[in-house]
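Peer 1: Listed below are the residues making up each chain.
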Amino acid sequence: MELNELKQIVEALLVATPEPLTDARFKACLGEQNVEVPLQEVINELQSDYESSDRAFIIKKVANGFQLVTRAEFETYVKGLFSKTGKLRLSQAALETLAIVSYRQPVTRNAIEAIRGVSSDSSLRTLLDRKLLEIRGREDGPGRALLYRTSTEFLQYFGLNTVKDLPKLREVEDILSEDQGELV
Amino acid sequence: MELNELKQIVEALLVATPEPLTDARFKACLGEQNVEVPLQEVINELQSDYESSDRAFIIKKVANGFQLVTRAEFETYVKGLFSKTGKLRLSQAALETLAIVSYRQPVTRNAIEAIRGVSSDSSLRTLLDRKLLEIRGREDGPGRALLYRTSTEFLQYFGLNTVKDLPKLREVEDILSEDQGELV
Amino acid sequence: MITKSHRIDLDMFEGPLDLLLFLIKRDELNIYAIPIAQITSDFLEYVKLARELKLHSAGDFVLMAATLMKIKARMLLPIEADGDEEIEDPRTELMNMLLEYKRYKEAASAFENIEREERPHYYHIPSAWNPQQEDQTAILEDVKLYDIMFTFQYLLKNYEEPVTHAVAVEEVTLTEQVGFIGGLLQANTRLSFSDMLSKFESRLIVVVTFLAILEMLRTRQIKVKQSKLFDDLLISRGGKFGT
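Order-wise, the sequence lines are chains S, B and E. So the number in the working numbering is just where the residue sits in the first sequence, counting from 1, plus 13. So the number in the working numbering is just where the residue sits in the second sequence, counting from 1, plus 13. So the number in the working numbering is just where the residue sits in the third sequence, counting from 1, plus 36.
Do not take every clue at face value.
[Said to hold, decoys possible] Here are the computed lysine-lysine pairs in the BS3-like style, where the Cα-Cα straight-line distance is at most 27 Å: (1) Lys181(B) <-> Lys180(E); (2) Lys181(S) <-> Lys141(E); (3) Lys40(S) <-> Lys108(E); (4) Lys181(S) <-> Lys61(E); (5) Lys100(S) <-> Lys40(B); (6) Lys180(E) <-> Lys108(E); (7) Lys92(B) <-> Lys100(S); (8) Lys177(B) <-> Lys193(E); (9) Lys138(E) <-> Lys61(E); (10) Lys181(S) <-> Lys138(E); (11) Lys144(S) <-> Lys92(B); (12) Lys40(B) <-> Lys20(S); (13) Lys74(B) <-> Lys92(S); (14) Lys144(B) <-> Lys74(S); (15) Lys40(B) <-> Lys92(B); (16) Lys73(S) <-> Lys177(S); (17) Lys73(S) <-> Lys40(S); (18) Lys61(E) <-> Lys180(E); (19) Lys92(S) <-> Lys73(S).
To be clear, the hints were calculated from the coordinates, so they are not data collected in a lab. Here the structure is a predicted model, which means the values were calculated and not measured.
Generate the whole structure from the sequences, applying the supplied hints.
Peer 2: If you want it as structure tokens, here you go:
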């Protein structure tokens, strides 16, 4: 298959896919056809086409796949599609809850509340509503509590490929030494 | 505003819009800015750009608005995105039926329809087709109605070991009741 | 100590740990050796001022107040040197909680920054494409277990006879609960805190009752004793009881 034809197919898939286009999904769509060019290479070609032809969108690598996103400079207009304010921002409580789940997953509600020191029902609900978290199975222990995890939508929301791309959690020792420093 | 700039804005809107872009929505996104060119004209310009540059997508007019769709010739590839091994897209009707079977299984079609208040024949068929549900035996009563249950595939999809691992109603209430947090 | 900061809205804080971190930072306290008496009284000032605080977190603030008071009581007890066993500082657990919370609070602000950077990008949302789609009106992008639960609960609500919840809105005031505790202490010399709380069904009453105990402690109408850390609190008449 020629590169040009391949570019068109990938473009069609990017327009139609409801979730990031992964290498595996790309292969599945091609079926029996033999393709030597890796997806990443086709993407690079398309990306530079879009740049040189001044398209209003780019290809973003997210959740180990590729998706079309609008270029940042059009935010002023695009946000009008959603509501007066555009995307809703997460509250501090929701961000804290999300941070705990990200680094501790899978994690129970009790474990989250033990760290935050407050009941976290309503943040959990918001995060489930927005599909940034999902319920995934139960703990093995006696209580068999529900376990929470981050979702693919979480990766998209923060533009990450995997949870491993998150900034590292600071070590307690670091916090302590800094605080001691402040005191002196 | 120049036509080129306008074309880019419309393109960004087409990429990001969750529903067909109407004239009214387009105007709302432009806000205070005065634009003399009608949306239809910008669309025509974009459309011919896409044709001449061999893009894999076109702009389609539907229900008073415009949206990006892949060109028909790529359908062979695009349908691979939605094949059975992929993520599921369920209609609201199918989801409701699935939810009832999950929590009430084994359950008859009559019982499902009593809760939903509408005939659920076609959703049951879809769910059986996609192997999310299966038929397991018949009711003891006089009608000997077929009994529906969720399948092993269903459990795997949600990362559950057994049906008992589904969130219990009490847990559902815990997460869903908005008042709980506020009232206490 | 409230004079230092004037009045600060408890709404600013995500919870009791957040408030404690704020107090530690404001007063440049050493987190290794938190002056527990000072921080307890500051903390209680805030909780008292915030009687009209967001009720859903009130219980958590009250719980922390109880914990602080326990630690404070424990610090006052003479240390019994028991062989070579090292005696743990009663504040250690609190310190660990504060540090752990601080890590995630920092992470949350990193998340906020990423959120801001990602904000201007909007993902392409494809129009529905599914030849077998039976119902074009509502397509769910991606079904989660939560959708199943939510849907079932929603259906049940519409299906079952609407149950009329007899929610008697319990109007409990601080004064009433002060009177209530006073009454109990007329009849009994000692009250168990946990026994008393277990009688209440709503957390709102628990919270108000606890605030009443704090108030009565302050005005010395009652005394509160605790024999061991994390033991039940025993309430008895104070020097100014009945005045």
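Peer 1: The structure should be examined with respect to each hint, and the outcome stated for every one.
Peer 2: The hints, checked one at a time:
no.	hint	result
1	Lys181(B) <-> Lys180(E)	holds, 16 Å
2	Lys181(S) <-> Lys141(E)	holds, 13 Å
3	Lys40(S) <-> Lys108(E)	violated, 65 Å
4	Lys181(S) <-> Lys61(E)	holds, 24 Å
5	Lys100(S) <-> Lys40(B)	holds, 19 Å
6	Lys180(E) <-> Lys108(E)	violated, 47 Å
7	Lys92(B) <-> Lys100(S)	violated, 31 Å
8	Lys177(B) <-> Lys193(E)	holds, 22 Å
9	Lys138(E) <-> Lys61(E)	holds, 12 Å
10	Lys181(S) <-> Lys138(E)	holds, 14 Å
11	Lys144(S) <-> Lys92(B)	holds, 25 Å
12	Lys40(B) <-> Lys20(S)	violated, 34 Å
13	Lys74(B) <-> Lys92(S)	holds, 22 Å
14	Lys144(B) <-> Lys74(S)	violated, 32 Å
15	Lys40(B) <-> Lys92(B)	violated, 34 Å
16	Lys73(S) <-> Lys177(S)	holds, 18 Å
17	Lys73(S) <-> Lys40(S)	holds, 19 Å
18	Lys61(E) <-> Lys180(E)	violated, 42 Å
19	Lys92(S) <-> Lys73(S)	holds, 19 Å
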